[in-house]
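> Each chain, written out:
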Amino acid sequence: MTKTYVNRAPQDTRGSWLTYVGLGLVLLFSAFPVYWMFVISTSTDEAVAQMPPSVIPGGEFWTNVHEVFTLNEVFFAASLINSVIVSGVITLSTLFFCSLAGFAFAKLRFRGRNALLVVVVLTLTVPSQLGIVALYIVMDKVGWNQTLLAVIAPSLVSAFGVFYMRQFIAHAVPDELVESARIDGALNMRVYWNIILPAIRPALAVLGLLTFVMAWNDFQWPLIQLNGTDFPTSMVALSDLASGNYVIYRRVLAGAFLATVPLIVLLLIGGRQIVRGIMEGAVKS
Amino acid sequence: MSLTELRPASHRQVPPPKNVKTRSWLYRFDNKTVPYVFISPFFILFGIFGVFPLIFNGIVAVRNWQLDDPAANGWVGLDNFQRLLTDEDFWNALGNTFGIFILSTVPQLLIALIIANLLNRRLRGNTFWRIGILLPYLTPVVASTLVFAIFFARDNGMANWFLSLVGFGHETPLDWRAQKWSAWLAIATMVNWKWIGYNALLYLSAMQAIPKDVYEAAAVDGAGPWRQLWRITVPMIQPVVVFTVILSTIGGLQLFNEPMMFDENPQSASGGSDHQFQTIAQLIYKVGWKDLDLGYAASMSWALFLIILIVAGINTLLTRRIGGER
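Going line by line, the protein sequences match chains A and B.
Mapping of the first sequence onto full-length UniProt numbering: residues 1 to 285, in sequence order.
Mapping of the second sequence onto full-length UniProt numbering: residues 1 to 326, in sequence order.
Note that these hints are calculated values from the structure, not bench results.
Please read all numbers here as calculations on a predicted model, not as lab measurements.
Backbone N, C-alpha and C define an ideal beta-carbon position, used for all residues, glycine too.
You can trust all of the hints, since none of them are fake.
Reference listing, derived: stretches of chain A covered by chain B, where coverage requires no fewer than 3 residues with Cβ under 8 Å from a Cβ of chain B:
# : segment
1 : 215-225
2 : 266-274
The following residues of chain A were derived to be distant from chain B, with all beta-carbon distances above 12 Å:
# : residue
3 : E60
4 : V65
5 : E67
6 : F69
7 : A172
8 : P202
Input sequences plus hints: build the corresponding full structure.
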């Protein structure tokens with residue numbers, strides 16, 4: 001046993017300097033495009049065309065941002081507000097409906113519970129993006145096409161959300177707590193509100209962050225619905241900004257950076273939760 | 001139960017006799033029906049907007065359904081599918097989708113494995129690294145693709161600048177969008193950039209669930225770190241590897257945002273001047289909402305659905321096989 005280091009599991013092995021160099025490169029690779037987005041959004045046309053490319057921010061950020069906001073046919077300011085509305089409503093609704101269903105699946109007894117839970121898990125794999133043609137026709141019949149409602153409605157719940165909440169509630173809330181509240185005469189809704197909700201705050205934070213990010217970044221369906229309207233989401237407005245015969249990079253990238261900032265802020269505030277959500281989701285699925 | 005038994009009898013346990021009847025009705029309702037009320041919003045909303053459109057899509061696919069000419073609508077049987085078989089645009093898009101899919105999935109998952117292995121050590125700033133590699137996952141694809149479009153620009157693009165440093169393309173700079181291989185490579189780079197960190201975290205989470213004594217037992221055979229990764233770690237996390245392969249199959253074959261925004265004129269949905277990088281999802285969008293031919297677009301969606309099922313199945317088998325041999 002000369003090579004004692006292999007005796008340990010990797011997670012007990014201290015990272016060598018090579019590990020840090022590797023991770024540093026990965027981080028550089030990950031962060032550079034976002035950083036460069038910022039650099040171009042602060043530059044003049046000449047600086048963008050310069051060779052070798054400049055990697056130091058210029059001083060034109062506010063000029064470029066001002067141009068993005070004052071472009072008439074792009075509706076950029078409105079698009080940011082719309083994205084906040086769409087993502088906000090989707091997040092709140094997902095949190096409420098998924099935790100409610102998760103509570104029922106984890107703690108309440110009813111006929112067909114297990115079978116229905118299997119259905120939820122199966123729907124996890126349904127690529128509903130493939131139904132967009134028919135979804136468009138459905139929205140047409142309801143009269144919602146080209147409204148924010150059409151963008152919001154299909155994302156109000158998620159199978160992942162229900163499953164994630166069920167797993168969390170099953171582990172985090174003891175059965176005795178629910179049962180004693182029931183014996184004290186509390187109705188299910190009261191148990192949900194007073195016992196379950198306070199106990200699952202961490203899971204709500206995780207699911208909320210992941211849902212918000214996905215809703216904010218969604219492009220295909222909002223494009224189908226809101227392209228050409230004067231109330232696009234920010235992703236649709238960005239594609240509009242980047243279309244045309246003569247594209248001004250510094251302006252387009254200023255828009256791209258503005259549409260990315262809210263998510264960077266979320267990563268700074270809730271990065272820990274997002275990491276945990278992704279890692280927990282992996283173990284449980 | 002024990003909690004309540006210890007507690008002195010509370011007056012709430014004995015409801016006032018006056019409204020015994022309504023209360024007992026209320027509790028029966030709360031016990032029998034309310035659980036269904038709690039789960040129904042999910043099933044109703046998912047049914048209407050998730051499952052029903054997928055089924056209804058099958059009906060649309062065997063109809064002529066023109067947005068601009070409702071009078072021409074009607075049953076056409078399998079005509080749409082027959083048209084699909086001889087549609088050059090469809091086969092071209094299918095080839096592009098697979099080309100980009102292979103160029104993105106394989107490196108993506110391999111690099112993610114290696115990064116996960118780096119993260120699976122005792123590190124300073126554990127959380128910092130994990131959050132850092134998630135930045136691409138959060139960044140909107142629409143926004144990041146615009147940066148990559150500049151990176152891969154023919155004139156003054158950073159990629160060509162790097163190439164010129166090592167002596168390529170001095171006379172005629174490479175036009176990344178013009179050829180299939182280069183456009184695929186550029187788009188695959190964007191896909192890899194977005195998903196490597198996410199997959200690395202999935203692998204890391206599975207790696208940390210491996211019992212430590214598995215490694216200790218194998219150390220007797222003198223396995224070094226590299227062999228440790230391929231001989232012990234990877235086979236142990238095989239279920240998660242299969243999971244990520246399925247995820248990236250479903251996502252990769254429906255690729256839309258990157259090829260859309262990489263186009264010089266994104267809203268045209270043409271995937272390059274000669275459709276060099278038009279994917280199937282893009283073609284569905286173009287046929288449905290530019291040509292306004294929803295019936296044909298629906299039949300393409302069904303074809304894509306079938307293809308995803310088949311490829312996901314094959315990939316699952318392959319991954320199992322490869323993992324099982326180790």
